[in-house]
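Go ahead and model the full structure; you've got the sequences and the hints to work with.
Here the protein sequences line up with chains H and E, keeping their order. Going by the working numbering, the residue at position 235 of the first sequence is 235; the numbering climbs one at a time, nothing skipped. In short: position in the second sequence from 1, add 381, done, that's the working numbering.
No wet-lab data here; the hints were simulated from the structure. Be careful, since some hints might not be right.
[Said to hold, decoys possible] In silico DSS-like links for lysine-lysine, alpha-carbon gap of 27 Å or less:
id, chain 1, residue 1, chain 2, residue 2
1, E, K827, H, K208
2, H, K115, H, K256
3, H, K208, E, K846
4, E, K549, E, K585
5, H, K208, H, K359
6, E, K578, H, K208
7, H, K208, E, K859
8, E, K846, E, K578
9, H, K302, E, K827
10, E, K386, E, K404
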Amino acid sequence: MRSDREITMIQLGSVVSSSIIGVGILPLPLFAVRAGGAGAPLVAMLGSMIGFAGIWLLVALGKRFPRETFVQYSQSIVGKWPAAVGSLLIIVYFTVLTAFGAREFGEVVITSVLKNTPVEVTVIVMLLLTAVSCRQDLTAFAYIQYFYLPVILVPAWLIVILSLKNADFINLLPLWGNEPQGIWRGGLSIANLFQTSFVISCIIPAMKHPNKALIPCVWGTVLAGAMYVAIVAAAVGVFGAEEIRLLLWPTLELAKTTSLPANVLERMDAAFLSIWVTAVFTTLHCSYTLTVVSMADLFKLKDYRALPIFLLPLVFMLAMQPQSIVQMYTTIHFIGQLGLLLTIGYPAVLLLIALARGKRSDGVDRKSLEKNGLPDLPASD
Amino acid sequence: MASAKLTNRLDDTLQDLDRELGKNSDFKVRRFRVFGRYPAAMLHFSNINDQELINTNILKALMYLPPHLPETDRTSEQLKSAILQDALYHSESKFEREMSAVVVALLRGDTAVVVDGLDEALLIGTRQIDKRGIDQPATEQVIRGPREGFIEPLATNIALIRYRLPTKSLRVETLVLGERSHSQIAVCYLEDVASPKLVSEVKKRLSNIRLPAILDTGYLEQYIEDNNISPFPQVQYTERPDKVVANLLEGRVAILADGSPLALVVPTVFNQFYQTVEDYTERFLLMSAIRLARLVALIFSLIFSSLYVAIISYNPELIPTEFAVAVAGGRAGVPFPAIVEVLVMEITMEVLREATIRLPQQVGGALSIVGVLVIGQAAVAAGFASPITVVIIALTTIGSFATPAYNAALALRLLRFPIIVMAGVFGLYGIVIGLILIVNHLLSLKSFGVPYLSPLVPGNFNGMKDLLIRAPLFSMKKRPAFLYPRDATRRSSASVSALKEPPSDVLSPANNRENDPPKEPLP
Chain H
1 MRSDREITMI QLGSVVSSSI IGVGILPLPL FAVRAGGAGA PLVAMLGSMI
51 GFAGIWLLVA LGKRFPRETF VQYSQSIVGK WPAAVGSLLI IVYFTVLTAF
101 GAREFGEVVI TSVLKNTPVE VTVIVMLLLT AVSCRQDLTA FAYIQYFYLP
151 VILVPAWLIV ILSLKNADFI NLLPLWGNEP QGIWRGGLSI ANLFQTSFVI
201 SCIIPAMKHP NKALIPCVWG TVLAGAMYVA IVAAAVGVFG AEEIRLLLWP
251 TLELAKTTSL PANVLERMDA AFLSIWVTAV FTTLHCSYTL TVVSMADLFK
301 LKDYRALPIF LLPLVFMLAM QPQSIVQMYT TIHFIGQLGL LLTIGYPAVL
351 LLIALARGKR SDGVDRKSLE KNGLPDLPAS D
Chain E
382 MASAKLTNRL DDTLQDLDRE LGKNSDFKVR RFRVFGRYPA AMLHFSNIND
432 QELINTNILK ALMYLPPHLP ETDRTSEQLK SAILQDALYH SESKFEREMS
482 AVVVALLRGD TAVVVDGLDE ALLIGTRQID KRGIDQPATE QVIRGPREGF
532 IEPLATNIAL IRYRLPTKSL RVETLVLGER SHSQIAVCYL EDVASPKLVS
582 EVKKRLSNIR LPAILDTGYL EQYIEDNNIS PFPQVQYTER PDKVVANLLE
632 GRVAILADGS PLALVVPTVF NQFYQTVEDY TERFLLMSAI RLARLVALIF
682 SLIFSSLYVA IISYNPELIP TEFAVAVAGG RAGVPFPAIV EVLVMEITME
732 VLREATIRLP QQVGGALSIV GVLVIGQAAV AAGFASPITV VIIALTTIGS
782 FATPAYNAAL ALRLLRFPII VMAGVFGLYG IVIGLILIVN HLLSLKSFGV
832 PYLSPLVPGN FNGMKDLLIR APLFSMKKRP AFLYPRDATR RSSASVSALK
882 EPPSDVLSPA NNRENDPPKE PLP
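Here's what the structure looks like:
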């Protein structure tokens, strides 16, 4: 069931990028502007850096334990039962994240395109799509993420470039915003959107060369972070900070204001939103795969193919908990901030303990690898 | 009976064979005397072998003692060697002891000669089955390229391959499959190119097949493919020997079956289905553009009608206002929602298409005219469909005709229907959900372990030279890496460097001045 350790560096980079870019990009300028006003791009940049810290911690841990997943090495670092509690929290957290991701996008769809469809339907469709795709092994997972990356990036950049026509640079000044003290809090809330990249803790052990994981992770984060900064800058440039505070999904509004040259498509928002299904799908695919694989590791299941469907009713019920969009965003924000403790704080503690106790498994592994001659092979990607 | 051996008594053997095969009116037994003294019988099925050859090369040759042999009494061993080495004028002959093997050989068209005193039957390959001539491949026409296509008999097909590849590394291994048909199956590969693991896997999968008869390679395909329920073909079939040879040279394995004019090529990746022979025989720039057009047609055939449904039903604001008004005007008299209209038209089109294939050729033309005129023009006039729907359906249909591989076009044609339904229910959102499901399926599909979308996923830059475009031949120095060929280089770099040298302008005016006196008088 597990993959054949075939995942390449480019695929890892794509996983990082497409896991980060998800439904969160729609309200992203709003979050950034709330915290930093005109300094919103700076907030996005800061958020990306905090997000990268979490990714770096996982890569560092992944290098120390190149053939183990997060659930497995946390057990050898802090012992079986404390680690089980931590892993369970991670599993629950990403189940919630999957549920809310699907809910958030379901709300977007029924608000802007399918106005007569109940939100339950759009949510269940998205969750079913994710669950069906999660039945495949990790190599297929990496292929899927790799394949969709251009589908995600190209339209988003297209929106950014096309909106330059309407943008006014003065809206972005002063660069650091009017209340620079809010930038830190804003950075943390942007960092929430980076948490799905936690999935690399399952992907790194399935790589061909786990010790080369850092560079693709840097590139993946840079691609996604640049996308974030560009979207925020474009939204602020077009609407101005004060206007954005009044918009629920400024990125979608940005798509509405742009149109292709020569009047091929009069409005872009519906087309953009449809293509954006892909981005949402890849993010949900990441978080759900993480849930399922971690669960399989925790309960020592060999075959996790039944889990995605089995968990689906639970995820759906979780997704339906918030009563309204407002309540949903409050909950997402609150849980996201707590989640940072789990996705950045917990790995940091683990890494410190691993350093202090001198725990690592790459030494042993390296010997066996050398016997097989794997690490000496040149990377083929 | 099946494992019984022949005895050395002629009458017993004939009795046994008569019990096995005697009820057939075309089973003939002809008694004669070998060299004029040893009683013998010749047995064959009269319709599947060459009578002329039997008369002169078997009967005549065996009846007379060759002039250079002395007329003496012979032991059975001596008789055997005299028959085989001195008397018989035929290359394909051998002695066989097993009764069942003799029966099978007779049924396949061989001739058996049983001689009194010998406990083995002489089997002579006299099989001759009528075959049609080598024709233009009907389903894979090219403008530029060889005109030969495979025909049914395996021997001819192997000959067509061998004649293009007279190299010692071409291996043709045969196995017999089909409990009743005893069909010959040939596995062809280049020993120094194809991955040995692939070859043994192909042979393993083939040898596991248990079928009463192999009527076509299509039966084999369904037993050796990786995923049986996928709509996408994971094995390519072709009736062009040159295509088979090109695939062998890339490191693939070809499978041919006796009685089938279609060879299978494994492993297969998706991009093979929109490549044609001309892509390589014509200039690369033009064919790259045409390949892109083919790809557009492929995508058209999958999503064009569903895009129409989604935009008309959910997002008419996407298209320019003037056009939207025109579309709405065209649809004014149509009582159905767009999805019903499109589905009805698509199904009608499928019916029409199927009817045109099944009809005799003489009527087919008439049907397509009636189909186009009646279904197209009259449906619009009757207010049953809007003109723009007809245009859309025509485009998707033509799009699916432009896909060179019939089975891949079929898959996309079929998948169009669920996507239209998704578009009708969820609009553009539904189309994308449907496409994601299809693409995820494609991404997880494998053919003999090769990811189906190779070389796009997992990425391989060298392979991408032959993916969307077709790079110049000299730049494709490597064989496809995903096939793990034993010899990765397709072309030596020497041939490339010779090509890169500036051409010598032997006939340029600068080198051939008219008023220059000829240096040497012509003889």
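In rising order, the numbers of the hints this structure does not comply with: none
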